[in-house]
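Novice: Spelled out from the first residue to the last, the chains are:
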Amino acid sequence: MNPPPATLSAPPDQTGRFGEFGGRFVPETLVPACQELEAAFNDAWNDPGFRQELHDVHVQYSGRPSILTECHNLGEQLGVRLILKREDLNHTGSHKINNVIGQALLAKRMGKKRIVADTGAGQHGVASATAAALMGLECKVYMGAVDVERQALNVFRMKLLGAEVESVESGSRTLKDAVNEAMRHWVANVSDTYFCLGSVVGPHPYPYMVRQFQSIIGDEAHEQIVEMTGAMPDVVVACVGGGSNAMGLFAGFVDEPSTRLVGVEPAGGAAVGRGTPGVVHGSRSYLMQDEVGQVEEALSISAGLDYPGVGPEHAHLAAIGRAEYPNVTDAEVIDAFRLLSETEGIIPALESAHAIAWLSREAHTMQSQTVLLNLSGRGDKDVAQMMDILADEFGVES
Amino acid sequence: MGRIDEEFRAKRAAGRKLLVPYITGGYPGWQDAIRACAANGADAVEIGIPFSDPVMDGPVIQAASQAALEAGVTPTSVLDEVPNLDVDIPLAVMTYYNLVHHPGPERFAANLARAGISGAILPDLPLEESGPWCEAADANGIETIMLAAPTAPDERLPLVAARARGFLYSVGLLGVTGERASLADTATALAARLKAITDVPVLVGVGVSNAEQAHQATRVADGVIQGASMVRRLMESGPDAVGDYVAEVRAAIDAD
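Respectively, the protein sequence lines represent chains D and G. Mapping the first sequence onto the UniProt record's numbering, position 161 (from 1) lands on 161, and the numbers just tick up by one. Mapping the second sequence onto the UniProt record's numbering, position 23 (from 1) lands on 23, and the numbers just tick up by one.
Check each hint, because a few of them may be wrong.
Not everything, but these chain G residues come out facing chain D in the computed CB check (under 8 angstroms) [stated by the list, open to error]:
1. V55
2. M56
3. P75
4. I89
5. D124
6. A148
7. T151
8. A152
9. P153
10. L157
11. G175
12. E179
Computed list of lysine to any residue pairs in SDA-like fashion (alpha-carbon distance at most 25 angstroms, straight line) [what the hints assert, rightly or not]:
13. G:K195 with G:S130
14. D:K112 with D:R51
15. D:K112 with G:L174
16. D:K112 with G:D254
17. G:K195 with G:D86
18. D:K113 with D:Q212
19. D:K113 with G:T186
20. D:K112 with G:D185
21. D:K112 with G:R156
22. D:K108 with D:N42
23. G:K195 with D:G49
24. G:K195 with D:A33
25. D:K108 with D:N73
26. D:K159 with D:R114
27. D:K108 with G:P153
28. D:K112 with G:A184
29. D:K113 with G:A184
30. G:K195 with G:D240
31. G:K195 with G:A184
32. D:K112 with G:P153
33. D:K112 with D:E166
34. D:K108 with G:L174
35. G:K11 with G:A192
36. D:K108 with D:Q35
37. G:K195 with G:R107
38. D:K113 with D:D47
39. D:K159 with D:S170
40. D:K113 with G:D185
Derived from the structure by calculation, the hints contain no laboratory data. Predicted model, so just to flag it, every value in this text is computed and none were measured. Backbone N, C-alpha and C define an ideal beta-carbon position, used for all residues, glycine too.
The following block holds chain D by itself, in its conformation from the complex (with noise of 0.2 angstroms):
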């Protein structure tokens, strides 16, 4: 075993551990690449040039820092004060930019030409467009077929900004099965493409390098937390999937003993409450998986979460108690997109209703506490699909 961290927010170890979750199970054709990406990586974080430059282009482009919002009508409902950290004010409509600008400057300093992505609801999928279009990379991204479908209007978006986008019929034909084509097409074309990971899911360093690019979140946060309220948040809560926007939320708090982190899991893809270890694209984490280790499709009404893993740091916060992951229902989710479009005039992304749902569920047990809520992306997205659900008791045509 190895020796734990200094502090939670310490870098994994050399093999890529957080405790006994992470690592690199690849194909062989790829150990050199995640390498090369590895030394890119730290050598980039590490120069101050690089990072002035993500900054320069997060200030000018993606419209950091994102404001934090106090919503007193539903913190009054709820009896909590709730604060949103507003990631669904970035440009494109949530946290992945954060991500996607990193990498593709990356990609860029790495030399490559192209980079490949899988995405869910395709909010990766734009954001990886957008940085592409913006940095001149050539751009393919792969998409569930079932998720194409879904979310028609990100993949319109996706090809007005120049982008590829390939269906995917294979498998469950969502997110997991995006995964392993944008795999695939990375092993037969490692040389010049580089791949861009849309969460804190994959092979070392792709966790922990998504986690560093999205721990601008936290690190926004905990300095506008003190300066609004005066100390720490008593819970944080941000949804999870693969789990990118709650890690990187997290990261500004995970070393605050008196902050309750809260990643909240689609009922249908608990990978943390309903799964156990395994290994899948790429590295060992909690897994939705039958009895002998068949990966199983996760199901959520919203297409960025059925993911049936999570990212490595996750599970390591799960093991040692660092973090809870309970899980909300699609019903609940549904009923916290109307309340705080209702409450507060902003429609959440159906990943953040699960973060929302979780609270209205559970604020009678924190009466008077400091919430702080990652919105992790608009609503603007899901609003067709949300339409459809609610047409009659609204009287609209669907």
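Following the hints, position chain G against chain D.
Specialist: This is chain G only, laid out in the frame that chain D set:
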């Protein structure tokens, strides 16, 4: 020394080129296909244990795996059939690491040994992560066939070769399993690099798609592994077609 190692070195010493077909376990007719391979000159057979997320496989083998999974195939149901195959050549399994990790390396290795399997190929388990598996495999007499890739720098290949048992799987190209119009230059180039540094038999797999390409590859390598071209025949025409094809490849690589 394991059975594959022993037999392959002996055959190589006798001037024979080695032929290892891949057959997807659990796909209808798979047992007869393996018998047909053995009867027509295969030196070993690689049995695929279907996995839900086969990242190293292309469309043909993936489709066969998916069909087998949908029919309810499990690692146990495949291994249970192995003793009934009654073929006189060594058998190896090819699968993905989660199916080993799930029962645990010890139990998985013991299950293979009990079924009469000689070797294992785990394409998503690179050298750095292979420690626990290799230990369990060695303890159970299972030969771990390591993969070497064209992307590996020179200093990496001896480390991979040193850990290989049975034979060394020389990955023919950058890409996943599947048939290609011609043999990639990387196939012979990597085989030559490996032959220069190791005494372990070197077999080229991935992208070796017909008898002519197999012949080309064995001019440098000790043998070939053929997967997608076998499985496509099994899916389109059944086990006899696999046997005919093995005979054709056998004749081609014996031609020199």
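Novice: Has the given pair, K112 of chain D with L174 of chain G, been kept, meaning a C-alpha gap of at most 25 angstroms?
Specialist: 17 angstroms, holds
Novice: Quickly compare the C-alpha distance for K11 of chain G and A192 of chain G to 25 angstroms and report which way the hint goes.
Specialist: 19 angstroms, holds
Novice: Against the 25 angstroms threshold, does the CA-CA distance of K108 of chain D and N73 of chain D hold or violate the hint?
Specialist: Not satisfied, since the Cα-Cα distance of roughly 45 angstroms exceeds 25 angstroms.
Novice: Going straight from one Cα to the other, do K113 of chain D and Q212 of chain D come out at no more than 25 angstroms?
Specialist: 23 angstroms, holds
Novice: Given the hinted pair K195 of chain G and D240 of chain G, is their alpha-carbon gap at most 25 angstroms?
Specialist: 34 angstroms, violated
Novice: Please verify whether K112 of chain D and D254 of chain G have alpha carbons no more than 25 angstroms apart.
Specialist: Roughly 43 angstroms separates the two Cα atoms, so the pair is violated.
Novice: With the threshold set at 25 angstroms, check whether the alpha-carbon distance from K195 of chain G to R107 of chain G stays at or below it.
Specialist: 34 angstroms, violated
Novice: When you check the alpha-carbon spacing of K108 of chain D and N42 of chain D, does it fall within 25 angstroms?
Specialist: 15 angstroms, holds
Novice: Given the hint that K108 of chain D pairs with Q35 of chain D, test it: the Cα-Cα distance must not exceed 25 angstroms.
Specialist: OK: K108 of chain D and Q35 of chain D at ~17 angstroms, within 25 angstroms.
Novice: For the pair we were handed, K195 of chain G and A33 of chain D, check the Cα-Cα distance against 25 angstroms.
Specialist: 24 angstroms, holds
Novice: Given the hint that K195 of chain G pairs with A184 of chain G, does the C-alpha gap stay at or below 25 angstroms?
Specialist: Holds, because 18 angstroms separates the two Cα atoms, which is no more than 25 angstroms.
Novice: If you draw a straight line from the CA of K113 of chain D to the CA of D185 of chain G, is it 25 angstroms or shorter?
Specialist: Holds, because 23 angstroms separates the two Cα atoms, which is no more than 25 angstroms.
The structure does not agree with the numbered hints 4, 10, 12, 16, 17, 23, 25, 30 and 37 stated previously, though it agrees with the rest.
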